[in-house]
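There are 4 protein chains.
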Amino acid sequence: MSAINPENWLCSNRVVRFGDTDAAGVMHFYQLFRWCHESWEESLQSYGLKASDVFPGCRNIGDDPEIALPIFHTQADFFKPIRTGDYLSIRLLPTKIDLCSFQVQTTFECSGDLVATSLVRHIAINAQTRKRCALPHNIDLWLEASSVNAQPRPL
Amino acid sequence: MSAINPENWLCSNRVVRFGDTDAAGVMHFYQLFRWCHESWEESLQSYGLKASDVFPGCRNIGDDPEIALPIFHTQADFFKPIRTGDYLSIRLLPTKIDLCSFQVQTTFECSGDLVATSLVRHIAINAQTRKRCALPHNIDLWLEASSVNAQPRPL
Amino acid sequence: MSAINPENWLCSNRVVRFGDTDAAGVMHFYQLFRWCHESWEESLQSYGLKASDVFPGCRNIGDDPEIALPIFHTQADFFKPIRTGDYLSIRLLPTKIDLCSFQVQTTFECSGDLVATSLVRHIAINAQTRKRCALPHNIDLWLEASSVNAQPRPL
Amino acid sequence: MSAINPENWLCSNRVVRFGDTDAAGVMHFYQLFRWCHESWEESLQSYGLKASDVFPGCRNIGDDPEIALPIFHTQADFFKPIRTGDYLSIRLLPTKIDLCSFQVQTTFECSGDLVATSLVRHIAINAQTRKRCALPHNIDLWLEASSVNAQPRPL
Numbered sequence: 097m098s099a100i101n102p103e104n105w106l107c108s109n110r111v112v113r114f115g116d117t118d119a120a121g122v123m124h125f126y127q128l129f130r131w132c133h134e135s136w137e138e139s140l141q142s143y144g145l146k147a148s149d150v151f152p153g154c155r156n157i158g159d160d161p162e163i164a165l166p167i168f169h170t171q172a173d174f175f176k177p178i179r180t181g182d183y184l185s186i187r188l189l190p191t192k193i194d195l196c197s198f199q200v201q202t203t204f205e206c207s208g209d210l211v212a213t214s215l216v217r218h219i220a221i222n223a224q225t226r227k228r229c230a231l232p233h234n235i236d237l238w239l240e241a242s243s244v245n246a247q248p249r250p251l
Numbered sequence: 097m098s099a100i101n102p103e104n105w106l107c108s109n110r111v112v113r114f115g116d117t118d119a120a121g122v123m124h125f126y127q128l129f130r131w132c133h134e135s136w137e138e139s140l141q142s143y144g145l146k147a148s149d150v151f152p153g154c155r156n157i158g159d160d161p162e163i164a165l166p167i168f169h170t171q172a173d174f175f176k177p178i179r180t181g182d183y184l185s186i187r188l189l190p191t192k193i194d195l196c197s198f199q200v201q202t203t204f205e206c207s208g209d210l211v212a213t214s215l216v217r218h219i220a221i222n223a224q225t226r227k228r229c230a231l232p233h234n235i236d237l238w239l240e241a242s243s244v245n246a247q248p249r250p251l
Numbered sequence: 097m098s099a100i101n102p103e104n105w106l107c108s109n110r111v112v113r114f115g116d117t118d119a120a121g122v123m124h125f126y127q128l129f130r131w132c133h134e135s136w137e138e139s140l141q142s143y144g145l146k147a148s149d150v151f152p153g154c155r156n157i158g159d160d161p162e163i164a165l166p167i168f169h170t171q172a173d174f175f176k177p178i179r180t181g182d183y184l185s186i187r188l189l190p191t192k193i194d195l196c197s198f199q200v201q202t203t204f205e206c207s208g209d210l211v212a213t214s215l216v217r218h219i220a221i222n223a224q225t226r227k228r229c230a231l232p233h234n235i236d237l238w239l240e241a242s243s244v245n246a247q248p249r250p251l
Numbered sequence: 097m098s099a100i101n102p103e104n105w106l107c108s109n110r111v112v113r114f115g116d117t118d119a120a121g122v123m124h125f126y127q128l129f130r131w132c133h134e135s136w137e138e139s140l141q142s143y144g145l146k147a148s149d150v151f152p153g154c155r156n157i158g159d160d161p162e163i164a165l166p167i168f169h170t171q172a173d174f175f176k177p178i179r180t181g182d183y184l185s186i187r188l189l190p191t192k193i194d195l196c197s198f199q200v201q202t203t204f205e206c207s208g209d210l211v212a213t214s215l216v217r218h219i220a221i222n223a224q225t226r227k228r229c230a231l232p233h234n235i236d237l238w239l240e241a242s243s244v245n246a247q248p249r250p251l
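Protein chains in written order, with the numbering used here: chain A, 97 to 251; chain P, 97 to 251; chain G, 97 to 251; chain D, 97 to 251.
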């Protein structure tokens, strides 16, 4: 029974901006992948991880993380057009796949309608050798906390 | 003497995300222009304008705005490297240039350091004929309110 | 027995640019979707279609196309890191799904290694009503020509 | 009297793609900065430099370049709308500013009309200490060759 509300780190919102659209007047499809990656970064941050714990190139750190988390698979489904000014409710459902990999399913809703979903799978590798390795401990903690607290959602 | 604090619509914050960087480890330069345009959109929204008042292609409107506001000049200066996880304080200084055009100067600070500035100039045109016209009334109101309330800042 | 070599419109090349990377030193994942969409546009153009036949907002046309081709599903797999300066060989495999939809599978190779694949599915809709409709004739022609001429490739 | 035609490395072309536009139907302004950076990379490559000579993170190199070339100023002017399918002629005019810095002016023409210009200024720094240093020798060679051969153009 955690005092931390899972909504704090698995839910976020964003407003669709003009530069996200194309000449058909709707969101250009690959912006969704930017949004789901940024929502994942925001989730880690809200949970309490520092960017420098996870990503290379951050400020004020001696060394980059030893483990990198490249994406090996991603997919998205688009159900309704998404437009400039739309207020999106974003919900993340992270799942551990195995010792070395995890996935994040993301749903995007607008005014109660499901407008798009995405799925991104990451694998842990040693940043120097690029060989597969166990997930970093802090990502494991975030995955466990997210699984325990997340409301199951029927498909 | 407005009850509305100018900080509400001329200031915002953003966290630099991993996808904003390049292989040199720092923010890739043109992301700054995305940020300043998104901050401008956020400012209009915080002031009380609807996206559909200003931008074409929005939801639930019969017609697109009659006046478009294309950018005719933009510039930026970069003072310090900007990195993943940096928490940026963004401040807008909008100014009317003449009846048909305005500009927005934007400053980006990180931990009290000025890291970058940008300047974007927009001109009002009739969206159909693309001929120059007077700024829309709601943009004029935003410009006036922003000028009255904005704290003057020495260069 | 066409005089037109299918290589002319189903194959292209691109050099990975610095802005395509992130602070991990490799291509940031969603750039791949930009590349596969641009390769599709290039394929239509090489086959002989004009941009204004397919996309809204082009120059010198009275009206936008009546039929829009939004994306309803997309996915990608990433096999090896892709880096600045990499010379990619891109091959498209378009397939008609049904009267209203088609897909494009795209493979990205670097120095003979398969580095990534993508799949994008488009559906034809009336641009005004957004109701499903038959694919435009020129897209049907491109799909047929591509299927007839394309070399089958083992998975 | 060089056998190398300056056109080989200071001129290029690109077709505007659908994802470069926004819901106003024209190129979204900051894409121009992507184009001018990519044209610069293409120019270095056409002149004979390898990506790994200039940019960090490239394939098959032991070490990243010792000198980085971050951008400290950039600006652009937009004269006419740029649309999907437009065929752009791009011309670079590189100039050395001083021992440590250079700039590239870029013009974008469509059907003989000047549609946009950009200016990007780079400074050489030691990639580790981030202290100002002399431009790398290969960039100096490219600047000299470009200045000698480039046709002067009236403003």
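Any given hint could be a false lead.
Because identical chains share one entry, a pair is satisfied inside a single copy or across any pair of copies.
No more than 25 angstroms apart at the CA atoms, straight line, and that leaves these computed lysine to any residue pairs for SDA-like [to be verified]:
no., residue 1, residue 2
1, K192, G158
2, K146, Y183
3, K176, E240
4, K227, E138
5, K192, P161
6, K192, E205
7, K227, G144
8, K176, D149
9, K176, P161
10, K176, Q199
11, K176, R130
12, K227, G115
13, K227, S148
14, K227, C107
15, K146, A241
16, K176, R217
17, K192, N156
18, K192, T213
19, K227, Q127
20, K176, N222
21, K146, G158
22, K227, Y143
Just so you know, these hints were derived from the structure itself, not from any lab.
Hint check results:
For a Cα distance limit of 25 angstroms, the shortest separation of K192 from G158 qualifies neither inside one copy, at 29 angstroms, nor across copies, at 35 angstroms. In this assembly of identical chains, K146 and Y183 lie within 25 angstroms of each other by CA distance solely across copies; the values are 12 angstroms between and 27 angstroms within a copy. In this assembly of identical chains, K176 and E240 lie within 25 angstroms of each other by CA distance neither inside one copy nor across copies; the values are 32 angstroms within and 29 angstroms between. Taking the shortest alpha-carbon separations for K227 and E138, neither the intra-copy value of 27 angstroms nor the inter-copy value of 33 angstroms comes in at or below 25 angstroms.
Taking identical chains as interchangeable, the C-alpha atoms of K192 and P161 lie at most 25 angstroms apart only when both belong to the same chain, with a minimum of 20 angstroms there against 38 angstroms between chains. With identical chains, the CA atoms of K192 and E205 are at most 25 angstroms apart within one copy only, with a shortest distance of 24 angstroms there and 30 angstroms across copies. For the identical chains of this complex, K227 and G144 are neighbours neither inside a copy (27 angstroms) nor across copies (34 angstroms), given an alpha-carbon limit of 25 angstroms. In this homomeric assembly, K176 and D149 come within 25 angstroms of each other (Cα to Cα) only across copies, at 22 angstroms, whereas the closest approach inside a single copy is 36 angstroms.
Taking identical chains as interchangeable, the C-alpha atoms of K176 and P161 lie at most 25 angstroms apart only when they sit on different chains, with a minimum of 20 angstroms there against 39 angstroms within one chain. Taking CA atoms no more than 25 angstroms apart as the test, K176 paired with Q199 passes in both settings, with 24 angstroms inside one copy and 19 angstroms between copies. In this assembly of identical chains, K176 and R130 lie within 25 angstroms of each other by CA distance both inside one copy and across copies; the values are 18 angstroms within and 20 angstroms between. Proximity of K227 to G115 under the C-alpha cut-off of 25 angstroms is restricted to the inter-copy arrangement: shortest distance 23 angstroms between copies versus 38 angstroms within a copy.
In this assembly of identical chains, the alpha carbons of K227 and S148 lie at most 25 angstroms apart whether taken from the same copy (21 angstroms) or from different copies (23 angstroms). Within a single copy, K227 and C107 get their C-alpha atoms no closer than 32 angstroms, and across copies no closer than 32 angstroms, so neither meets the 25 angstroms cut-off. In this assembly of identical chains, the alpha carbons of K146 and A241 lie at most 25 angstroms apart only when taken from the same copy (16 angstroms versus 38 angstroms across copies). Taking the shortest Cα distances, K176 and R217 sit within 25 angstroms of each other both inside one copy (24 angstroms) and across copies (15 angstroms).
In this assembly of identical chains, the alpha carbons of K192 and N156 never lie at most 25 angstroms apart, being 30 angstroms within a copy and 33 angstroms across copies at closest. For the homomeric pair K192 and T213, the shortest alpha-carbon distances inside one copy (18 angstroms) and between copies (24 angstroms) are both at most 25 angstroms. Taking CA atoms no more than 25 angstroms apart as the test, K227 paired with Q127 passes between copies only; the shortest distance there is 24 angstroms, against 30 angstroms inside one copy. In this homomeric assembly, K176 and N222 come within 25 angstroms of each other (Cα to Cα) only across copies, at 14 angstroms, whereas the closest approach inside a single copy is 39 angstroms.
When the C-alpha separation of K146 and G158 is checked against a cutoff of 25 angstroms, the pair qualifies only within one copy, where the shortest distance is 14 angstroms, while the shortest distance between copies is 30 angstroms. Taking identical chains as interchangeable, the C-alpha atoms of K227 and Y143 are never at most 25 angstroms apart, the minima being 28 angstroms within one chain and 37 angstroms between chains.
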